[in-house]
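Undergrad: Sequence:
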Amino acid sequence: MTGSEPIVIVGAGLAGVAAAYHLAARRGVPNVVLVDEREPLTLTSAVGTMGYRNWWPGPDDTMCRFVSRSIDLLEEMADESANAFRLSARGYLFATARAEEAARLRATAREVSAYGMGELREHADVAGYEPARAEGYRGAPTGADLLLGEAARAAFPYLAPDTVAALHVRRAGWMNAVALGAWMLRRALGAGATFVRGRVDAVDTAGGRVRGVRLDSGATLGCDRVVLAAGPGLPRALRLLDADVPLLLELHAKMLFRDPLGAVPRGAPFLIWNDPVDELPPGIHVRPVDGPHGDETWLIWTYDIEPRAEPVWPPTFDPRHGEFLLRGAAALIPGFAAYAGRAGVVDGGYYCKTPENRPVIGPLGAEGAFVLGGLSGYGIMASHAAAELAAAHVTGDVLPAYAGALSPARYEDAGYRARVVAGEAGVGQL
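Note that UniProt numbering gives residue 245 to position 245 of the sequence shown, counting from 1, and the numbers run on in steps of one.
Hints were generated in silico from the structure; no laboratory data involved. Idealized CB from N, CA, C, for every residue including glycine. Keep in mind that the hints are not guaranteed to be accurate.
[Said to hold, decoys possible] Label pairs and their in silico Cβ distance ranges:
1. G415 with G208: 26 to 34 Å
2. R138 with G335: 27 to 35 Å
3. G58 with D242: 27 to 35 Å
4. A219 with R320: 27 to 35 Å
5. P260 with V421: 44 to 52 Å
6. P292 with S113: 35 to 43 Å
7. A99 with E39: 49 to 57 Å
8. G139 with A206: 48 to 56 Å
9. G218 with R320: 39 to 47 Å
10. P292 with G208: 51 to 59 Å
11. S217 with E310: 28 to 36 Å
12. S217 with T42: 41 to 49 Å
13. A99 with G208: 56 to 64 Å
14. D242 with E323: 41 to 49 Å
Please model the complete structure; the sequences and the hints are all you need to start from.
TA: As structure tokens, this is what we get:
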């Protein structure tokens, strides 16, 4: 590789834009070209729930260290941009009405604390508990607070009255991901990156190395490096290189719902119910959203984990999805029961994930080919460390300690691949 030929990034969602930003703006790499058949940031990146957290249970500290680095980068960009994308450390709150789940939360929190999340603090009352601030991220607590019994109900009186524990993860919250992506894109373009509208239909790897890409228009772009960052289009993109990486797609849906009765306080953290609701699994998510009416909330529940072979646009959702979301939300926040029968606006996209729910970042078989994907339901929070890692691979820079655990080369270990493809590592977003 000469270092002077263009670098083509396939995909202009948040991961691809972050890669362009890290290469062009942060490293000063010339001739970076973003290619996408759509305008940037207009597919799955535009319909995410826009949260972040350094809460990452095992089997080891890889994901906690990786996403913590990504949050470092988010905070750096928030500082540099005067917080143009409204990064807010409200936290994630995991609540339960089951004693056995409270014990599991405590044990898991101790594990994640040892991985680097921060200190775990337990509270039998609210005297030593610091509530989250409505805005900002600097100076916020780190680690997590486990509020037990009456302390949980006193700190969060809008939760179910039978709540027995609430774990408040503090280096967590949300942002405006579209504004973040737009800021990174401006920085990348200002540093010399370019955007080309088109679909990459072929990658020329004559002689075992990347030499260029062909677009659906018939045009070709010469390049000596290509980064596949195609989001839910990654399985198709990998087939252009005959690359064998196990990936699956899951439907992601959320509902925008107005809350004029104030069931969810506007200063609430990201709320998650860790208990099943009727026949549906744990994991209903609720958070307030800034919207034109001042009473909007998002409701999310990834109970449909049936793998999809290919993404279909626009995606279609279970017609009962809104009904299920309201039922789940009412289990967590009884005030939502007053909205039974009402409808919200459902949208979403697809998670692209590996069987063990870790990203895949690094070199592929052909010289000059790299992958940046499998970011599952955490792409908004993890794209920044993922793009930094991809940029280090592309430029031959020093790699962080977690690079090997996220490399596609891990699937060359037959034993590892058999374990994760068999599902032993589990599924889901949290």
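Undergrad: Against this structure, judge whether each hint is valid.
TA: Taking the hints in turn, this is what the structure says about them:
no. : hint                       : result
1   : G415 with G208: 26 to 34 Å : holds, 28 Å
2   : R138 with G335: 27 to 35 Å : holds, 32 Å
3   : G58 with D242: 27 to 35 Å  : holds, 33 Å
4   : A219 with R320: 27 to 35 Å : violated, 45 Å
5   : P260 with V421: 44 to 52 Å : holds, 47 Å
6   : P292 with S113: 35 to 43 Å : holds, 40 Å
7   : A99 with E39: 49 to 57 Å   : holds, 50 Å
8   : G139 with A206: 48 to 56 Å : holds, 55 Å
9   : G218 with R320: 39 to 47 Å : holds, 45 Å
10  : P292 with G208: 51 to 59 Å : holds, 54 Å
11  : S217 with E310: 28 to 36 Å : violated, 22 Å
12  : S217 with T42: 41 to 49 Å  : violated, 19 Å
13  : A99 with G208: 56 to 64 Å  : holds, 59 Å
14  : D242 with E323: 41 to 49 Å : holds, 44 Å
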